[in-house]
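*Asks:* With the hints as a guide, bring both chains together as one complex.
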Amino acid sequence: MRPESEDELAEMVRAANGPLRVRGGGTRDIGAPVQGEVVETGGLSGVTLYEPGALTLVAKAGTPVAEIEAMLGAEGQRLAFEPMDHRVLLGTEGEPTLGGVASANVSGPRRISVGAPRDFMLGVRFVDGAGRVVSNGGRVMKNVTGYDLVKLMAGSWGTLGVLTEISLKVLPAPETEATLVIPGLVAETAVAAMSRALGSPFEVSGAAHGVAGTCLRVEGFESQVRYRTAQLTELLTGFGAPQVLEAVDSRALWRRIADVEELATDAGDVWRLSVRPSQAPGLVQQMRADQVLLDWGGGLIWARVPEGTDLRARLEGFGGHATLIRAGAETRSRLAVFQPEPAPVAALTAGLRQKFDPRGILNPGILG
Amino acid sequence: MQMPEPDARVLSIKPQLVKRLREVLPEDAVIDAPEETRAYECDALTAYRCPPLCAVLPSSTQEVSDVLRICHELGVPVVPRGSGTSLAGGALPTADSVILGVARMTEVLEIDYADRVIRVQTGRTNLSVTGAVEEGDFFYAPDPSSQLACAIAGNIAMNSGGAHCLKYGVTTNNLMGVTLVQMDGTVVEIGGAHLDAGGLDLLGVICGSEGQLGVVTEATLRILRKPEGARPVLIGFDSNEVAGRCVSDIIKAGILPVAIEFMDRPCIRATEDFAKAGYPDCEALLIVEVEGSPAEIDDQLARIIEIARRHDPVELRESKSAEESARIWLGRKSAFGAMGQINDYMCLDGTIPVSELPYVLRRIGEMSAEYGLGVGNVFHAGDGNMHPLILFDANKPGDLEKCEAFGADILKLCVEVGGCLTGEHGVGIEKRDLMSHQYRDVDLEAQMAVKDVFDPKWLLNPAKVFPLPVSAGRRAG
Numbered sequence: 001m002r003p004e005s006e007d008e009l010a011e012m013v014r015a016a017n018g019p020l021r022v023r024g025g026g027t028r029d030i031g032a033p034v035q036g037e038v039v040e041t042g043g044l045s046g047v048t049l050y051e052p053g054a055l056t057l058v059a060k061a062g063t064p065v066a067e068i069e070a071m072l073g074a075e076g077q078r079l080a081f082e083p084m085d086h087r088v089l090l091g092t093e094g095e096p097t098l099g100g101v102a103s104a105n106v107s108g109p110r111r112i113s114v115g116a117p118r119d120f121m122l123g124v125r126f127v128d129g130a131g132r133v134v135s136n137g138g139r140v141m142k143n144v145t146g147y148d149l150v151k152l153m154a155g156s157w158g159t160l161g162v163l164t165e166i167s168l169k170v171l172p173a174p175e176t177e178a179t180l181v182i183p184g185l186v187a188e189t190a191v192a193a194m195s196r197a198l199g200s201p202f203e204v205s206g207a208a209h210g211v212a213g214t215c216l217r218v219e220g221f222e223s224q225v226r227y228r229t230a231q232l233t234e235l236l237t238g239f240g241a242p243q244v245l246e247a248v249d250s251r252a253l254w255r256r257i258a259d260v261e262e263l264a265t266d267a268g269d270v271w272r273l274s275v276r277p278s279q280a281p282g283l284v285q286q287m288r289a290d291q292v293l294l295d296w297g298g299g300l301i302w303a304r305v306p307e308g309t310d311l312r313a314r315l316e317g318f319g320g321h322a323t324l325i326r327a328g329a330e331t332r333s334r335l336a337v338f339q340p341e342p343a344p345v346a347a348l349t350a351g352l353r354q355k356f357d358p359r360g361i362l363n364p365g366i367l368g
Numbered sequence: 369m370q371m372p373e374p375d376a377r378v379l380s381i382k383p384q385l386v387k388r389l390r391e392v393l394p395e396d397a398v399i400d401a402p403e404e405t406r407a408y409e410c411d412a413l414t415a416y417r418c419p420p421l422c423a424v425l426p427s428s429t430q431e432v433s434d435v436l437r438i439c440h441e442l443g444v445p446v447v448p449r450g451s452g453t454s455l456a457g458g459a460l461p462t463a464d465s466v467i468l469g470v471a472r473m474t475e476v477l478e479i480d481y482a483d484r485v486i487r488v489q490t491g492r493t494n495l496s497v498t499g500a501v502e503e504g505d506f507f508y509a510p511d512p513s514s515q516l517a518c519a520i521a522g523n524i525a526m527n528s529g530g531a532h533c534l535k536y537g538v539t540t541n542n543l544m545g546v547t548l549v550q551m552d553g554t555v556v557e558i559g560g561a562h563l564d565a566g567g568l569d570l571l572g573v574i575c576g577s578e579g580q581l582g583v584v585t586e587a588t589l590r591i592l593r594k595p596e597g598a599r600p601v602l603i604g605f606d607s608n609e610v611a612g613r614c615v616s617d618i619i620k621a622g623i624l625p626v627a628i629e630f631m632d633r634p635c636i637r638a639t640e641d642f643a644k645a646g647y648p649d650c651e652a653l654l655i656v657e658v659e660g661s662p663a664e665i666d667d668q669l670a671r672i673i674e675i676a677r678r679h680d681p682v683e684l685r686e687s688k689s690a691e692e693s694a695r696i697w698l699g700r701k702s703a704f705g706a707m708g709q710i711n712d713y714m715c716l717d718g719t720i721p722v723s724e725l726p727y728v729l730r731r732i733g734e735m736s737a738e739y740g741l742g743v744g745n746v747f748h749a750g751d752g753n754m755h756p757l758i759l760f761d762a763n764k765p766g767d768l769e770k771c772e773a774f775g776a777d778i779l780k781l782c783v784e785v786g787g788c789l790t791g792e793h794g795v796g797i798e799k800r801d802l803m804s805h806q807y808r809d810v811d812l813e814a815q816m817a818v819k820d821v822f823d824p825k826w827l828l829n830p831a832k833v834f835p836l837p838v839s840a841g842r843r844a845g
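Line order of the protein sequences matches chains A and B.
For the first sequence, the tail end lands on 368 under the numbering used here, and the numbers increase by one without skipping.
For the second sequence, the tail end lands on 845 under the numbering used here, and the numbers increase by one without skipping.
The following block holds chain B by itself, in its conformation from the complex (with noise of 0.2 Å):
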């Protein structure tokens, strides 16, 4: 992975820099001791790191609008950072440049039951949304896992989904209004309590643009209120391919599942180890949940399990009670801990059409054997976005560049059957050189004629997303 060199202009107008930033932000906002600039070298990604130039905190939108103009103004790159949770480089700082952070702005600006919508400061972790409206039982349906952690500004950057967007969506589907900063500190409104564009959709293309056409520091988003229960049911196959039918023929018969989580035997094995979920020893686990009434529940559950009989399953486990429903999804939720237990790994994010399940396991096996990498796979299985986990020996020298590459074919093979190369961690730096083979130069240069209008001189989050031959002579200019 290769980032730009940094500017020598900008590194040398670092004291200007920050003596402009203080006077529009409080003393303790504006970091710029190298020891303390650290903090901000990586996000989750964290095999790569460089500490930024300076990193600022703003508190509100002004603020964020006048370090962005302030920055525009000298031609110094931003990185806008949320939690820094991401798993693609999101946020990852070059050394020309300053992070933006929202880590300060964390308000609830409003709560409205009657309309469903709820307006935060950006800087909100994605569980505390839900935390707000708790008390009324509504709740913010986009979870990705680090939900603890992650800030809805991040979210919408990377257009974050979840376990259950199989059924709520995405937060593309569960975002109504933005505020957002355009790199020159122009303010713009998007949206709001309503529905749908008046005119272009802009806020469809704002989230996912993984901050680079201008910084959200607002948000209304869509709660809902949250279901009477919920119940899942353990099903085991000895075949991927059957699971895979399985799955196909619940979707055929009209039921839509909140969760489809598909586990393969080397995750089972690590995850029984680990947390002794007593999960049988097969080639491939369902949990599929559903949402309802107690008898609601009970009657798509006995849906379920008739049609997975059918399939012939060495293992079927219905859910009676919380206990129970705990237990079976015990496993599923420690397996990135179980498989971190074995050793290091890297988490892909690959996306496929669900007829290709059974290929793509398959090939993935193989290129398993070949590569001499373990590897174990959970993922939701209702979307066909997949999570292989590879396993590899950080300390071991080569090993990362050979699980890098081995990670690299897996998403080729994604984007070969019909599917992309990320589902919902973004692409970021971790991705960015190999947006040429799902893209191809037409297609990427549309893109890229988004930002060339939200930011026209390539300083907000430059050098991610797009390859960096592609973008050179941008970002150059």
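If we strip away everything but chain A, and leave its shape as in the complex, we get (with noise of 0.2 Å):
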């Protein structure tokens, strides 16, 4: 199914007898396997509004994250939470949408010091399973007005609402931009090294550890990313000396680490664990992954290890979550791909699932 316009997609729910796969690009096969009849959201597409002076981007679900970020870019702006393009880990092909990041909460590198998707979108129409059109928030950056459902929504892989429009806070582009790279740290000493810098006030941007190095970006006017990189050098020279990366470089080294490049190569699962960054040292000796990439100053491991894998059994107890974002059919119908939640959080859930989807019709199963 391919709905032309909002009411369209609210009847087709209404109407619908079995389940459904909700769908943007398709470029993000991830979750449990689900059968059902595909709702695309293609024909819901375009941005409806801009206002650059006023940071402001309204877009139906389905447009492509490329159209808006060259709609941003011709005025230098961006969408500043950085989504990742799974096309690279997964080998899926189309276009990615702005449904599929919101329903995803699809982040990158900049996560760390400017948020997620949930932290921008600023108001969401979706068709809820019962074929309900709803609207929440606005347009307008600051909105205390009822309950967050675009929070709600945001990462809610389509189990709540399928949805039609986003509203989205969007940022400035910096004038440059810069890497410092530090070689041959081990995680623990890697992880103290990101740390020092993102406590440091020179707003760092970017702190990744991989094949690389340890990556640590800056971004702003020029002589401000001048001075920062000159600032951050001296404050981490215990940790050896870094090399710079100009903008160029320093841009498509950022790319890599957001589309997760350098696990994308060879065979094997893929899981994303959400930390708190201490404790990232300690569970990558746990893991005992073929390939690790840290980003988020620790906070963010992502892991390549052996097909079949369950790698939150080798994990000790730690706050956080493991997804399994890349593995077969199989796997991912035996392992949960989805942390699982604790009794009463699962019984939340559940509750706000069955309130949305009473019919349990929208990507059942997807969270396992």
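Bear in mind the hints are in silico, worked out from the structure with no lab data behind them.
Misleading hints may appear alongside valid ones.
Claimed, not checked - Using 25 Å as the maximum straight-line C-alpha spacing, the simulated SDA-like pairs for lysine to any residue come out as follows: (1) Lys594(B) to Glu691(B); (2) Lys535(B) to Gln231(A); (3) Lys780(B) to Thr48(A); (4) Lys594(B) to Ala230(A); (5) Lys620(B) to Arg251(A); (6) Lys535(B) to Glu609(B); (7) Lys535(B) to Val114(A).
Claimed, not checked - The following label-pair restraints were derived from C-beta to C-beta distances: (8) Ala773(B) to Gly73(A): 44 to 52 Å; (9) Val476(B) to Gly368(A): 58 to 66 Å; (10) Lys644(B) to Val244(A): 46 to 54 Å; (11) Val186(A) to Ser689(B): 43 to 51 Å.
To be verified - Where chain A lies over chain B, by a calculated footprint (3+ residues, C-beta under 8 Å): (12) 594–603; (13) 719–725.
Where a beta carbon is used, it is the ideal one built from N, C-alpha and C, also for glycine.
*Replies:* Below you can see the structure in the form of structure tokens.
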């Protein structure tokens, strides 16, 4: 099914008599496999409002992310949360959509300094599982009028409703950027270096540790970037002499980090863990992965392990969550793709899904 | 403003309720004498008052859980209370409710500079969270103007903002985890020192739910390293339109100031009479503040001044020192006090798209003439969060009602131009009956469905946020 309007979508959902698989661009085949008729949002496309002076953009959910980024780029602005393009890691095709980014709350390295889609979404419209068209939030930056269903929809993987329109806060793109790369650190020292940088006043907007070394990004006006690079170099003297990547190389490096390119090529399952940064070195040791990429100053661990590995079973209790992002259908059916929730939280989740999707037809089973 | 009739059954079981609460709380943590419950009869929206059935002051999550379990069993409504600084009536009791105050829960549980988090009990005040991490040169970013008194519990309930949220976001962007006690006493841990939710973003919907989903007893908050410094520039214009365009141009130029404050002529004049900050007598005034090292500040201010010059300002005053900065901020910080010198005032909190600023200010001026009540505008211009201050005389019969009607008209105007009823104060009872201007019934139904899940009996702060006729069926059940 490919509705051409919100009303048509609502009508289709009301009329549905079996499960529905909600799909944007189809580039994020994540979650337990879902059986059901596909509902594509590609017919709900287009930017309906863009006010650069108000840092606000409103677009229909099926709008390609590339179209939005091009429009923002022409005004020197951007989606600050730096959404990952999952095609690289998952080997999928198609065009990522805004609705997909929102439904999966997809961010990138800059999440550590500015936030995730949840922090930039100002308003949503969606069709819930009963076919009701619901609106929440708006298009202004400060809004505490009623409950924040916008955040509830962000990262709900299409289980509470099918997004039809999203308003976003956007930010100015900086004049330039640079990255300090410190070679040769082990995970523990790398996390310490990243923590020191992130705890400095120099507004580090990316802190990752992978094959390239330990990478720290600063952004801003030319003079700011020069100043911050020098200050960070001095602050991190004890960790070794950094190499400095200028704007073009820096941009390319962070695109690769955002898309987890270095874990993409070799076979194996890929897990994504959100953890307390200081716990990362210990967890990395326990997980015995084939390859690891740390982002968010250690707060995000990407790990590649042999196919079928139950990574959670290797980890002693940790505060955070592990998601199986890339694996075969059999593994995804067998292992919980999303972190199992403690009973009282699971009860709330189930209660909310029952309210918003009383017939249980929206992406049933995707969350495991 | 109307509140539901108190439930006679609940009123009649007060002795039994108090006895059971005393079984789980220390003697002095249960307040039931009428002369003492009066202390909890209102919050900062003092126009409305009603003493509660009783008040409890638990000291731990366990005690909060015990209290809620008992009230749940007995079917007694509970109104959570932080420091009672709500301007929206969020902590206003009803005669048949128990006030649950978190004022005794003020401990710092953990500070971790490496992971950049602090965990506190939620009775702690906003400013004392920053106070706890100041020795490490860190701070907690959301800074509502009541920060000296307001509690983190209330900040979370209302998703409070502040003057610096253009850069740092509001409470929800700085809240990482909570311990939440549900109405039936169930204790839930959500989030923590890691980012984002593993499943549904429950934290996102709890923040800003005005104490209707549960009582938050502990919170993990993001802390940030203090900037090296900050300095403002003051810019005066002879029209609101031009000032609005200047704000827009600054933002379009890729500069993200930490604050952009706007004052209009009535407010500037009142402030000048009161605080003598040396403000120019002009139509509109902007205070734009940037952060960084001295050189970074110079550079950004130079860019802002260059943009401002293109709009023919009548005044341009760049701060070169801490003393000059304080002087520029003096008037802005005295604005509410200055307006209060003239008369009683009501402070509104609507948000509008910044592009609608000139139109909205013009309409407010016209309405001010129609109602015969003065109004001054002071607000956070970068994010469109307005704070019109309507002047009235509380001793003059009919003036309060006139002021409320004027206020409601301004908020409806905010919604009409694409904005919202409240940017950072919350709905409470103050904007409750206007909710249907912003949301259709189906939208409110979706929000109430969330409360159905967290609090099926609708006992937590029940008569707030949703218009009474809309929530009637649920509250009765």
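*Asks:* If you look at each residue in the stretch 719–725 of chain B, do at least three have a Cβ nearer than 8 Å to any Cβ of chain A?
*Replies:* Satisfied; 5 residues make the cut.
*Asks:* For the pair Lys644(B) and Val244(A), does the Cβ-Cβ distance stay inside 46 to 54 Å?
*Replies:* Since the Cβ atoms of Lys644(B) and Val244(A) sit about 50 Å apart, the hinted range of 46 to 54 Å holds.
*Asks:* Please verify whether Lys620(B) and Arg251(A) have alpha carbons no more than 25 Å apart.
*Replies:* The hint holds at about 22 Å.
*Asks:* Given the hinted pair Lys535(B) and Val114(A), is their alpha-carbon gap at most 25 Å?
*Replies:* holds (9 Å)
*Asks:* Quick check: do three or more residues in the stretch 594–603 of chain B have a beta carbon closer than 8 Å to a beta carbon of chain A?
*Replies:* holds (count 3)
*Asks:* Holds or violated: Lys535(B) and Gln231(A), Cα atoms, limit 25 Å.
*Replies:* holds (22 Å)
*Asks:* Would you check the hint for Lys780(B) and Thr48(A), treating anything up to 25 Å between C-alpha atoms as holding?
*Replies:* Between Lys780(B) and Thr48(A) the Cα gap is close to 23 Å, so the pair holds against 25 Å.
*Asks:* Regarding Val186(A) and Ser689(B), is the given constraint of 43 to 51 Å on their beta-carbon distance met?
*Replies:* This hint holds: roughly 46 Å between Cβ atoms.
*Asks:* Straight-line Cα separation of Lys535(B) and Glu609(B) no greater than 25 Å?
*Replies:* holds (24 Å)
*Asks:* Does the beta carbon distance between Val476(B) and Gly368(A) stay inside 58 to 66 Å, or does it fall outside?
*Replies:* violated (37 Å)
*Asks:* Keeping to a limit of 25 Å between CA atoms, is the pair of Lys594(B) and Glu691(B) held or broken?
*Replies:* Holds, at roughly 20 Å.
*Asks:* With respect to the beta-carbon atoms only, verify the hint that Ala773(B) and Gly73(A) lie 44 to 52 Å apart.
*Replies:* holds (47 Å)
Figure legend: structure checked against the earlier numbered hints; the only hint not met is number 9.
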